[in-house]
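Visitor: Here are the chains, one letter per residue:
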Amino acid sequence: MSSTTAVADAVPHARRKHNSLHRQRAWALWGSYIALGVFVVIFLVPPFYTLMTSLKSSAEMSAQQGNPWIVHHPTFENFWYLITYPNFQTYYLNSVMITIVVVAVSITIAVLAAFSLSRMGFWGSQTLATGVFLTYLIPASLLFLPLFRIIGWLGLINNIWCLAILYPTLAVPFCTWIMIGYFSSIPKELDEAALIDGAGYLQMLWRIFIPVAMPGIIAATIFAFTVSWGAFLYPLAYLYTANQMVLTVGIISDLIRGDVFLWGKIMAAVVLASLPPILIYAFLMDYYVAGLTAGATKG
Amino acid sequence: MAEVSCRKIVKHYDGGVQAVKGIDLEIADREFVVLVGPSGCGKSTTLRMIAGLEEITEGEIWIGGDVVNDVPPRDRDIAMVFQNYALYPHMSVFDNMAFGLKLRKFPRDEIKRRVDEAARILDIGMLLDRKPRALSGGQRQRVAMGRAIVRNPKVFLFDEPLSNLDAKLRVQMRTEIKKVHQTVRTTTVYVTHDQVEAMTLADRVVVMNHGVIEQVGSPQDLYHNPTTRFVAGFIGSPAMNFLPVRVQDDSNGGLIVRVTDQIVLPVPPARVDRYTKYNGREMVLGLRPEHLFDYHESGRPGHARVDLLVDVVEPMGMETMVHFFIGHDPVCARVDPATRAEPGEMLALAADLNQMHLMEPDSGRVV
Chain Z
0 MSSTTAVADA
10 VPHARRKHNS
20 LHRQRAWALW
30 GSYIALGVFV
40 VIFLVPPFYT
50 LMTSLKSSAE
60 MSAQQGNPWI
70 VHHPTFENFW
80 YLITYPNFQT
90 YYLNSVMITI
100 VVVAVSITIA
110 VLAAFSLSRM
120 GFWGSQTLAT
130 GVFLTYLIPA
140 SLLFLPLFRI
150 IGWLGLINNI
160 WCLAILYPTL
170 AVPFCTWIMI
180 GYFSSIPKEL
190 DEAALIDGAG
200 YLQMLWRIFI
210 PVAMPGIIAA
220 TIFAFTVSWG
230 AFLYPLAYLY
240 TANQMVLTVG
250 IISDLIRGDV
260 FLWGKIMAAV
270 VLASLPPILI
280 YAFLMDYYVA
290 GLTAGATKG
Chain C
0 MAEVSCRKIV
10 KHYDGGVQAV
20 KGIDLEIADR
30 EFVVLVGPSG
40 CGKSTTLRMI
50 AGLEEITEGE
60 IWIGGDVVND
70 VPPRDRDIAM
80 VFQNYALYPH
90 MSVFDNMAFG
100 LKLRKFPRDE
110 IKRRVDEAAR
120 ILDIGMLLDR
130 KPRALSGGQR
140 QRVAMGRAIV
150 RNPKVFLFDE
160 PLSNLDAKLR
170 VQMRTEIKKV
180 HQTVRTTTVY
190 VTHDQVEAMT
200 LADRVVVMNH
210 GVIEQVGSPQ
220 DLYHNPTTRF
230 VAGFIGSPAM
240 NFLPVRVQDD
250 SNGGLIVRVT
260 DQIVLPVPPA
270 RVDRYTKYNG
280 REMVLGLRPE
290 HLFDYHESGR
300 PGHARVDLLV
310 DVVEPMGMET
320 MVHFFIGHDP
330 VCARVDPATR
340 AEPGEMLALA
350 ADLNQMHLME
360 PDSGRVV
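The listed protein sequences correspond, in order, to chains Z and C.
28 is the number that numbering that gives the first Met the number 0 gives to position 29 of the first sequence; each next residue is one higher, with no gaps.
199 is the number that numbering that gives the first Met the number 0 gives to position 200 of the second sequence; each next residue is one higher, with no gaps.
Just so you know, the hints here were simulated from the structure itself, not pulled from any lab data.
Be careful, since some hints might not be right.
Stated by the list, open to error - Residues of chain Z placed beyond 12 Å of chain C at every Cβ, according to the derived structure: (1) Val44; (2) Pro46; (3) Tyr48; (4) Thr49; (5) Trp79; (6) Thr107; (7) Tyr135; (8) Leu235; (9) Ala281.
Said to hold, decoys possible - Derived pair list, reagent style BS3-like, types lysine-lysine, alpha-carbon separation capped at 30 Å: (10) Lys187/Z / Lys111/C; (11) Lys130/C / Lys177/C; (12) Lys177/C / Lys187/Z; (13) Lys20/C / Lys187/Z; (14) Lys111/C / Lys153/C; (15) Lys178/C / Lys167/C; (16) Lys104/C / Lys153/C; (17) Lys7/C / Lys20/C; (18) Lys187/Z / Lys101/C; (19) Lys187/Z / Lys7/C; (20) Lys130/C / Lys167/C; (21) Lys130/C / Lys178/C; (22) Lys177/C / Lys167/C; (23) Lys104/C / Lys130/C; (24) Lys153/C / Lys177/C; (25) Lys167/C / Lys187/Z; (26) Lys101/C / Lys153/C; (27) Lys187/Z / Lys130/C; (28) Lys177/C / Lys111/C; (29) Lys20/C / Lys153/C; (30) Lys111/C / Lys178/C; (31) Lys101/C / Lys111/C; (32) Lys101/C / Lys177/C; (33) Lys187/Z / Lys104/C; (34) Lys153/C / Lys187/Z; (35) Lys153/C / Lys7/C; (36) Lys153/C / Lys130/C.
Said to hold, decoys possible - Quick look at which bits of chain C chain Z covers, simulated, 3 or more residues with Cβ under 8 Å: (37) 62 to 74; (38) 78 to 91; (39) 97 to 108.
Glycine is no exception: its CB is placed at the ideal position from the N, C-alpha and C atoms.
The shape of chain C in the complex, shown without the other chains (with noise of 0.2 Å):
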């Protein structure tokens, strides 16, 4: 078990592209990590630096309280698991788990120890000896999973482990790496590109964009708190609403926010005093699909109505997703699905204000 330090690390390719811009992060002795963010935003090419499979050009890197830029992979006492699994084509599943205990000069009996008891947190105890090729993705990703486990390394690393499994599959395999993480607590970081895999398996999430980290924080607080409009776009599915507005005063002391002529949505007297100095500004104004829903005469203090032109309607059993578009900009809300909503009609929808998010429009910073 070990604590995982970045200090200002730093990635520069060949050719100029620098992939990482001066990376700070601090992660906890059995801490569960996943950094989320676009392809190109540097979170595979800051965990192949953590593996040391990919050289540090500035910065540097901190494992279980040394510095291991100059150590080599095989010493850092780290197991990473691959998104393509790479296991040994050639060998048993139990030889590809045993091979780095061997190559260690583990006796036998503590390796065959090893191997069993990680076949049976990852119940693959009857695959262990069949060849890579005669299993199913989620099997293989098991062994590379037990491969890693077997070690009993400081620190798991996992490069987008679940991206080449099924929908299914990805859900199932995500329990069992929580499951897992749960067993062993070992220092985990993890990089997925999908948002829904790092809010579910995360203690803490780090959303990262152009090769520096946007916002670190557990996933409620990022789902509810972002400080970015990257962060308050990528976590979530569906995406949050964005529309430009002008926030104004309203006659009774209060404020507003003007989306169009037709609809202005009054600030929640609560956030007035945190609204006030933009007062007279063009804004950005969020609001997630499921804050946006059915409207009810009997709605609650924050809830405005608003009316608008079905566009495209998904039901998907639980919950109906609606779009509209309000001038040029897509809007998403989630309503029941009870609720009668047509193509080319129109439907009245409560947005709750009390889950709105302002904007500034040049920074993207939340205010």
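For reference, chain Z alone in the conformation it holds in the complex (with noise of 0.2 Å):
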């Protein structure tokens, strides 16, 4: 008798546990949801306005009637214009070049030094790898004046190769910690096993752990790509002549002419600007497979 009212007892009682248990995640949920709709909103607004702002014509946009978020008139009419503009070509030109010399000299520097730094185990190399981290802690604008003595004794102000010099030391810093991370994560067993098979150091890298950290490799490339792309101070500082200039800083300079904003323009070129990284994001997103490492040992 006693034991048939435990368990008529304990029956609403896991009910009750289930039922609070449902409403808790119901609660999260919500929360979430929240939370995410607006972040959607504040990121996603301004590259909306943008898109719809570079559809309009100048006419439209001078009219001032409608509502400013639809295009009623759409035209590309400013992607043309862009497009055949041969300055706007020529700081195009300019971003891609830099960018994949910066890229490419950010990485291989970034995974050579953490390759040493994390699985090499010399005298020093902890401090060293916290001191490049430290590196990365002290802001571009500190370090713009000591380096514009710098360039300048090299004879590349107004120089677009200067970029070169300069925006790996933004990046080289944060791909290095990336790639110490994801170098330190792979199991030193990996390393043991190809030594005892017979590889030395370059082979053990080149073979063994950039394959193994692929996916780090491409955190380090989008944030190299992005420091590179969306740099603004540097060129600002110093390049002056439209033929050296990159993307950010000649956009500003060159459809902003006194105090009129060729808005249209501008939020073309905006658009324009961003289809590389949006493209690079979508192509390395690919590539970027999480648990690349699973089965290499026990897991």
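Got two chains here, each in a separate frame; can you build the complex from them with the hints?
Guide: Dropping the structure here:
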């Protein structure tokens, strides 16, 4: 009798517990939806407005009638203007060229540095690794005056190639830090197996570490690309003629003429400038396969 | 094939930790030697020094007649199997096994021939195109062994290769490893903390503790003739029972060991001479659970009756382990599964004193 009562008592108790869990989950989901909704609005409204403005003609913009968030007579005239505008072509080409060089240089330095700091275990490697991270914490705005002296000394003021020296100072520390993290997550038995199999350090890096740490390299590549593509301060300070400029500075120096803002063209330039990052993210994310190391060791 | 020789090897780590304290060990060509001991005893460090993955602080390691202290791992002609497999995750099973041969610039045909042969021995031929993540734990460990076999090295080194496998697979892989050694007959050094693995695999077992070798011998030798209390307790499962006793004369000119006032065990006549000089001293009696079993009236000479209060009964199917306390010391007996043993009841046991061990309490030396 008593055991029957105990069972009867236990069932509603279990149901209560289940209901309370269900309620907690519902609240958590609602909280998540609201937070995500706010983020989506904050992050997607500006690009949406940019795209809408880029599709408007000057006449539609100056008419100031109707809902400014909607395009009534879409046109590609702003895009066509930019595509056929020689200066814009130069900025674009300069940005692409310098970004390719900066990404290549930064990733090469970061991978080599991170491999030696995280895997070769030499005296002082820990201190150096911390030093690399501390370098990243120094703001670019503090560095650009001393760097100006150095670039001037090298005779590279108003030379696009000065950016190939300057941008890695921003990208390399963080990329190295990312790569140290990735390399450290690779089991040390993998190096030891490679050493016993007959690999030297460079072979180990090239044939084991780089393929295994590809997600990390892609993350670092995206970071280096973003730094190089979007940097504003350095090109503004070091470059001043149109043939040397990159997109970020070229757009505002060329499309803001005195107190006349060519909003349609500025926004179209922003859309065109945003295409490479979107493509890079979309393309590299496909290769960003999390858990590539699965199966290397007991999981 | 090669012999391996460790001569007075010492390993100090930064911070003053001395992991290995002067080990001398000669391993013959084709021999299967297992280093066994508890965590931190220095067995893995010793193996890693043989592999060249740890620098040797003092002493010399010889492989195949050459001192290899300053030879990098790749030039020692050794192969190693790791506890967590250490397979290259981005390579197929074939490429994992072929990696070492490719680095050594073997011809393509030869690489294929060797990988196929190793895959045949290990029965992994159908897995060659798979990536490690698509394999089970046992299959991964086979691939790791395959990677070692294809190189046809002078020495195989195994660092606790079965520790990550479940109990059933471990037993299966243990047999596989033994079979592989019987096939390829390569000198093998194998590290484990599992004494059952050590006993079943080894030609010779090296028991280590606190960075030194406690005893080296065949599995049977270590089991029946341990030289220290540590070895006696480490080898055998369940572990040997240890009881503080006093050695005394008996009225017939023989010797007895007094466990308590009620439990007095006669020393078999064959051992009296050996233990006479310890007469009157406090010693430690060692008796394995399998030498404490059901009492029968028709017991053999050297069997002594002991009646004990049952504490816990563990039926295991083919045998039953029964636990007791004598004073504060736990005692385990291995009895017939048909024996009726209930907690809280007395059970009559026979102690086979022909198998007893007597140890000095301070040094732990078996006398």
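Visitor: Each hint: holds or not?
Guide: Status of each hint after checking the structure:
no.	hint	verdict
1	Val44	42 Å, holds
2	Pro46	36 Å, holds
3	Tyr48	44 Å, holds
4	Thr49	40 Å, holds
5	Trp79	46 Å, holds
6	Thr107	20 Å, holds
7	Tyr135	29 Å, holds
8	Leu235	43 Å, holds
9	Ala281	23 Å, holds
10	Lys187/Z / Lys111/C	28 Å, holds
11	Lys130/C / Lys177/C	26 Å, holds
12	Lys177/C / Lys187/Z	27 Å, holds
13	Lys20/C / Lys187/Z	25 Å, holds
14	Lys111/C / Lys153/C	21 Å, holds
15	Lys178/C / Lys167/C	17 Å, holds
16	Lys104/C / Lys153/C	18 Å, holds
17	Lys7/C / Lys20/C	8 Å, holds
18	Lys187/Z / Lys101/C	22 Å, holds
19	Lys187/Z / Lys7/C	28 Å, holds
20	Lys130/C / Lys167/C	24 Å, holds
21	Lys130/C / Lys178/C	26 Å, holds
22	Lys177/C / Lys167/C	16 Å, holds
23	Lys104/C / Lys130/C	23 Å, holds
24	Lys153/C / Lys177/C	17 Å, holds
25	Lys167/C / Lys187/Z	28 Å, holds
26	Lys101/C / Lys153/C	18 Å, holds
27	Lys187/Z / Lys130/C	20 Å, holds
28	Lys177/C / Lys111/C	25 Å, holds
29	Lys20/C / Lys153/C	26 Å, holds
30	Lys111/C / Lys178/C	23 Å, holds
31	Lys101/C / Lys111/C	11 Å, holds
32	Lys101/C / Lys177/C	28 Å, holds
33	Lys187/Z / Lys104/C	25 Å, holds
34	Lys153/C / Lys187/Z	24 Å, holds
35	Lys153/C / Lys7/C	22 Å, holds
36	Lys153/C / Lys130/C	28 Å, holds
37	62 to 74	holds (count 3)
38	78 to 91	holds (count 11)
39	97 to 108	holds (count 4)
Checked against the numbered hints given earlier, this structure breaks none of them.
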